[in-house]
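Visitor: As a plain string of letters, each chain reads:
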Amino acid sequence: MNRGPLSPFAQTMLPILGAGSLILAWQFLLPLAGVPAYVVPTPTAIAGVFARNGSLLLSNLWPTAIEALSGFVLGNLAAVLLAIVFVHSRTLQAAYFPVVLFFNTIPVLALAPVVILIFGLGMLPKIVIAAVICFFPTLINMIRGLESASASEHELFRVLSATRWEIFWRLRLPRALPMLFASLRIASATAVIGAIVGEWIGSDKGLGALIIQATFNYQSDRLYAAIVLSSLLSIGFFTTVVAAERWSVRYR
Amino acid sequence: MAAPAIETSGLDVGYPGRRSPVTVISGLDLTVAAGTFLSILGPSGCGKSTFLRVVADLLAPLAGTIRVMGETPSAVRSGRGVGFVFQDSTLLPWRTARENVRLPIQVGRRSLSRMIDDRSDELLELVGLSALSERLPHQLSGGQRQRLAIARALLGEPRLLLMDEPFGALDEITRDRLNDELLNLWQRTGTTVLFVTHSIAEAVYLGQRVIVLATHPGRIVADHDLRPLKGPDNRCSREDPAIVAAMARMRSALGAAS
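So the protein sequences, as listed, match chains A and B. All letters in the first sequence, in the order written, are residues 1 to 252 by this note's numbering. All letters in the second sequence, in the order written, are residues 1 to 258 by this note's numbering.
Hints are not guaranteed to be accurate.
[What the hints assert, rightly or not] Pairwise CB distance ranges (calculated):
#1 A/Glu147 x B/Ala75: 29 to 39 Å
#2 A/Ala78 x B/Gly168: 39 to 49 Å
#3 B/Arg18 x A/Tyr96: 22 to 32 Å
#4 B/Asp225 x A/Val85: 49 to 59 Å
[As the list claims (entries may be wrong)] Selected chain B positions facing chain A (Cβ under 10 Å, derived; list incomplete):
#5 Arg53
#6 Asp88
#7 Pro93
#8 Arg95
#9 Arg98
#10 Arg152
#11 Ala153
#12 Leu162
#13 Gly190
[Stated by the list, open to error] The following residues of chain B were derived to be distant from chain A, with all beta-carbon distances above 12 Å:
#14 Arg177
#15 His198
#16 His216
Since the hints were derived computationally from the structure, they do not count as laboratory data. Predicted model, so just to flag it, every value in this text is computed and none were measured. All residues carry an ideal CB built from backbone N, CA and C; glycine is no exception.
The task is simple: from the sequences and hints, build the whole structure.
Guide: Shown next, in the form of structure tokens:
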């Protein structure tokens, strides 16, 4: 049996063939099996929505993209800053980390209506929900990353009489980057989820609103198009994060 | 007459434990002349690494006094008097070989680190890594990484070089070669070296003087001056019967103590 590595050609072609075969089965086998179009429309029907209602989809994509991106930036920034405070002050970490832990146990779906009550119906509450959903994994990973330098690395910097500032910039932060990016990858998908959940609860714009409207109007082809677009948005964020990681963590 | 490199009396070293401090070595009286290559030999747990950390001011002594070149360990450390080589090379994986060697001139008090010449090219040459200066640590072998760690420790021209089992993780062939290179470096720089190891052969081959530590409690059980066997250049053959006999004496000192 040949278990050697695949050729580069096979490595690129096989995933395409795999996905293609599933789409073909979806297009032709599902209708034959008697699955009605209002439950699962065919891929061509969904593609048709993109052709006919392109501008409607696009005008609903932008609000979600802006909310998810703003939430991603704010949530992760807040998490990184709090992690920096926590690793430099055991007192503050001991006092406030349990509170943060408690807030993390509140389901975002339960928190979302409260956020909307506070911030109204504009974009801001969606940004806040996206930020909240990104915050916790990044906080945990960043704390762990900033504390991941070994004992001898810290001793090395102490022998050189390095300041706290230098230890942070030249040791702790570079050490934390791989773990930070691990949580940013996760956050790139969850930020989009946060924005969409926020739109479900109160909005007339955005992919979340489009999903709710299409569902209530039995426009399942439009519903599926909105789902595809949400997923593309996440993929866009994800690849940007991966590119940034490749650029900044080159030593692996 | 210069002050001794190390002078301790009644020195207790150990760790600040959870409830009360844990003493590893107690009542250490040791004087090491400046410029000496001293091997510190002992089994794991005898406190040889802990002692090195007290000398480097990484750990405070529990009791007794210690002077390093006539000063307190903390004064020597903040004056960049010591270089430390760890068992793991402790190279920063995101920095190239050259940038790792240059770390000492990039951190610490500006007034001190700016005064240090950037001799990184010269030191890379000295440890035979000039051609690999743009490589990242993971692209180097274990021996090459340890050479870099030594070059980094030497960048500030320390008066005292502390080495904590630096070749412990290397294969024997590489280790023997690095031992010779280290003796060359020591001869060129004239710095005092405190070399911690648990290899009897390495301790005897490198040291002008070997102290043997035992555990429970950590103490000096033997103190051998090897200069009469080796001559002023501190060179010897590993097969020399006198050297082999010295190794046997160390082994029995270790055996009798445990």
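Visitor: Look at each hint and say if it fits the structure.
Guide: Each hint, compared with the structure:
1. For A/Glu147 and B/Ala75, the Cβ-Cβ distance of about 30 Å falls inside the hinted range of 29 to 39 Å, so the restraint holds.
2. The hint said 39 to 49 Å for the Cβ distance between A/Ala78 and B/Gly168, and at roughly 44 Å that hint holds.
3. Checked against the hint of 22 to 32 Å, the C-beta distance between B/Arg18 and A/Tyr96 comes to roughly 25 Å, which is consistent with it.
4. At roughly 55 Å, the beta-carbon separation of B/Asp225 and A/Val85 lies within the given 49 to 59 Å, and the hint holds.
5. Because the smallest distance between the Cβ of B/Arg53 and any Cβ of chain A comes to about 8 Å, under 10 Å, the interface hint for this residue holds.
6. With a least beta-carbon distance of about 6 Å to chain A, the hint placing B/Asp88 at the interface is held under the 10 Å criterion.
7. At a threshold of 10 Å, the smallest CB-CB gap from B/Pro93 to chain A is about 5 Å, leaving the interface hint in force.
8. Among the interface hints, the one on B/Arg95 holds; its C-beta lies about 8 Å from the nearest C-beta in chain A, closer than the 10 Å criterion.
9. The beta carbon of B/Arg98 is not positioned within 10 Å of any beta carbon in chain A (closest approach about 15 Å), and the interface hint is therefore violated.
10. Taking 10 Å as the C-beta cut-off, the interface hint given for B/Arg152 holds, the closest approach to chain A being about 9 Å.
11. At a threshold of 10 Å, the smallest CB-CB gap from B/Ala153 to chain A is about 9 Å, leaving the interface hint in force.
12. Residue-level restraint check for B/Leu162 holds (minimum Cβ-Cβ distance to chain A is 9 Å; threshold 10 Å).
13. The interface hint given for B/Gly190 is broken, as the beta carbon of that residue sits about 20 Å from the closest beta carbon of chain A, more than 10 Å.
14. Even its closest Cβ contact with chain A, about 24 Å, leaves B/Arg177 beyond 12 Å, as expected for a residue assigned away from the interface.
15. Distance check on B/His198: its Cβ is at least 18 Å (rounded) from any Cβ of chain A, clearing the 12 Å threshold; non-interface status holds.
16. Every CB of chain A lies more than 12 Å from the CB of B/His216, the least distance being 24 Å, so the non-interface label holds.
Of the hints listed earlier, those the structure fails to meet are numbers 9, 13, in rising order.
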